[in-house]
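Enquirer: Below, each chain spelled out in residue letters.
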Amino acid sequence: MGYMFNGNEIDHDEEGYLTDLSDWNPELALMIAQSEELEMNDERWEVVNFLRDYYEEYQVAPAVRVLTKALAKTMGPEKGNNDYLYELFPYGPAKQACKIAGLPKPTGCV
Amino acid sequence: MSEAAKGTGKKVPKKFLYVNRKAPYGTIYALEALEVVLIGAAFDQDVSLAFLDDGVFQLANGQDTKGIGMKKFANTYRALGDYGVTKFYVEKESLQSRGLTLGDLQEITYEDENDDFKEKPSIILVSRAELSEVMAQQDVVLSF
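Residue numbers (this note's numbering), protein chains in the order written: chain A, 1 to 110; chain B, 111 to 254.
It is worth saying that the hints were derived from the structure and are not from the lab. Fair warning: there could be bad hints in the mix.
The calculated PhoX-like cross-link candidates involving lysine-lysine, where the alpha carbons are at most 20 Å apart (straight line), are [said to hold, decoys possible]:
#1 B:Lys230 x B:Lys197
#2 A:Lys105 x B:Lys228
#3 B:Lys181 x B:Lys125
#4 B:Lys197 x B:Lys124
#5 B:Lys132 x B:Lys228
#6 B:Lys197 x B:Lys176
#7 A:Lys79 x A:Lys95
#8 A:Lys69 x B:Lys228
#9 A:Lys105 x B:Lys124
#10 A:Lys69 x A:Lys105
#11 A:Lys95 x A:Lys69
#12 B:Lys132 x B:Lys230
#13 B:Lys197 x B:Lys125
#14 B:Lys132 x B:Lys181
#15 B:Lys228 x A:Lys73
#16 A:Lys69 x A:Lys79
#17 A:Lys73 x B:Lys230
#18 A:Lys69 x B:Lys230
Computed from a predicted structure; not experimentally measured.
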């Protein structure tokens with residue numbers, strides 16, 4: 001299974017998460033977002049980039065509860081809350097945003 | 111059940127202690143323990159970790175996993191504060207017999223929500239005797 005990208009097939013698992021994190025790039029992110037029927041805008045990019053930074057630092061994709069807390073801390077409570085995040089990523093910020101960010105599915109996320 | 115919890119009818123979080131006794135690499139125990147901690151943390155229990163024997167190496171500074179092609183999961187311990195896991199008991203004797211001191215371990219902190227989000231150290235240095243007391247207070251002890 002894979003995303004067809006610039007003539008190459010990029011492997012993903014049965015849920016669409018990239019097999020190899022290093023395959024990720026912003027154009028591929030756009031393509032994954034499209035398959036999630038989401039259009040990337042500044043707000044969504046902000047969350048996706050935040051997740052990538054978080055992963056870079058801690059080597060783990062945060063659970064939603066941890067993500068909201070961390071976002072609230074760095075970007076303020078108007079962005080670090082469930083309503084805002086679910087509006088951006090209706091099928092779950094952890095699931096969709098992590099997938100677009102090229103990260104593994106958050107541990108413990110069902 | 112503690113005295114304070116009696117009669118309130120409230121569900122009391124159980125005390126879970128995850129005991130880490132193995133070196134971080136070479137076996138899957140350390141990484142698996144960490145994954146279980148991350149999953150368990152979602153259930154709002156009272157979770158703490160213990161590091162003894164070669165398990166103290168899991169917290170060592172300056173780990174580089176490039177050569178073995180594994181992800182550097184040592185960084186993830188620093189995220190556990192966000193998951194509400196704030197007690198890392200490290201056994202003194204295990205450090206000493208491996209020529210390590212607290213300074214050889216990475217700095218792990220958490221923000222104390224009950225104290226104006228002050229950053230506090232998560233690592234608690236304990237003697238073998240103190241650690242066995244900690245173990246005796248737990249509802250569940252899981253050893254890896």
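Enquirer: The structure should be examined with respect to each hint, and the outcome stated for every one.
Expert: How the hints compare with the structure:
Between Lys230 (chain B) and Lys197 (chain B) the CA atoms are separated by roughly 11 Å; this keeps the pair inside 20 Å, and the hint holds. Straight-line distance between C-alpha atoms of Lys105 (chain A) and Lys228 (chain B) comes to about 31 Å, which puts the hinted pair past the 20 Å bound. Pair hint Lys181 (chain B) plus Lys125 (chain B) does not hold up; C-alpha atoms about 29 Å apart against a cutoff of 20 Å. Our distance criterion of 20 Å between C-alpha atoms is met by Lys197 (chain B) and Lys124 (chain B), whose separation comes to about 15 Å.
Note on Lys132 (chain B) and Lys228 (chain B): the hinted pairing is violated, with a Cα-Cα distance of about 32 Å set against a maximum of 20 Å. In summary, the hint linking Lys197 (chain B) to Lys176 (chain B) is not supported, as the alpha carbons are separated by about 29 Å, beyond the 20 Å threshold. At roughly 18 Å between alpha-carbon atoms, Lys79 (chain A) and Lys95 (chain A) fall within 20 Å of each other, so this suggested pair holds. For the suggested pair Lys69 (chain A) and Lys228 (chain B), the alpha carbons sit about 15 Å apart, so the restraint of at most 20 Å is met.
A C-alpha spacing of about 27 Å is found between Lys105 (chain A) and Lys124 (chain B), which places the hinted pair above 20 Å, so the restraint is violated. Restraint check for Lys69 (chain A) and Lys105 (chain A): satisfied, since their Cα atoms lie roughly 18 Å apart, inside the 20 Å limit. A hinted pair counts as satisfied when its Cα atoms are at most 20 Å apart, and Lys95 (chain A) with Lys69 (chain A) qualifies at roughly 17 Å. This hinted pair does not check out: Lys132 (chain B) and Lys230 (chain B) have alpha carbons roughly 26 Å apart, beyond 20 Å.
This hinted pair checks out: Lys197 (chain B) and Lys125 (chain B) have alpha carbons roughly 12 Å apart, not beyond 20 Å. Pair hint Lys132 (chain B) plus Lys181 (chain B) holds up; C-alpha atoms about 17 Å apart against a cutoff of 20 Å. As the CA atoms of Lys228 (chain B) and Lys73 (chain A) are separated by approximately 13 Å, the hinted pair is consistent with the 20 Å bound. For the suggested pair Lys69 (chain A) and Lys79 (chain A), the alpha carbons sit about 10 Å apart, so the restraint of at most 20 Å is met.
For the proposed pair Lys73 (chain A) and Lys230 (chain B), the alpha carbon gap of about 17 Å is at most 20 Å, so the pair holds. A distance of roughly 18 Å separates the Cα atoms of Lys69 (chain A) and Lys230 (chain B); the hinted pair therefore holds under the 20 Å criterion.
Checked against the numbered hints given earlier, the structure breaks hints 2, 3, 5, 6, 9 and 12 and satisfies all the rest.
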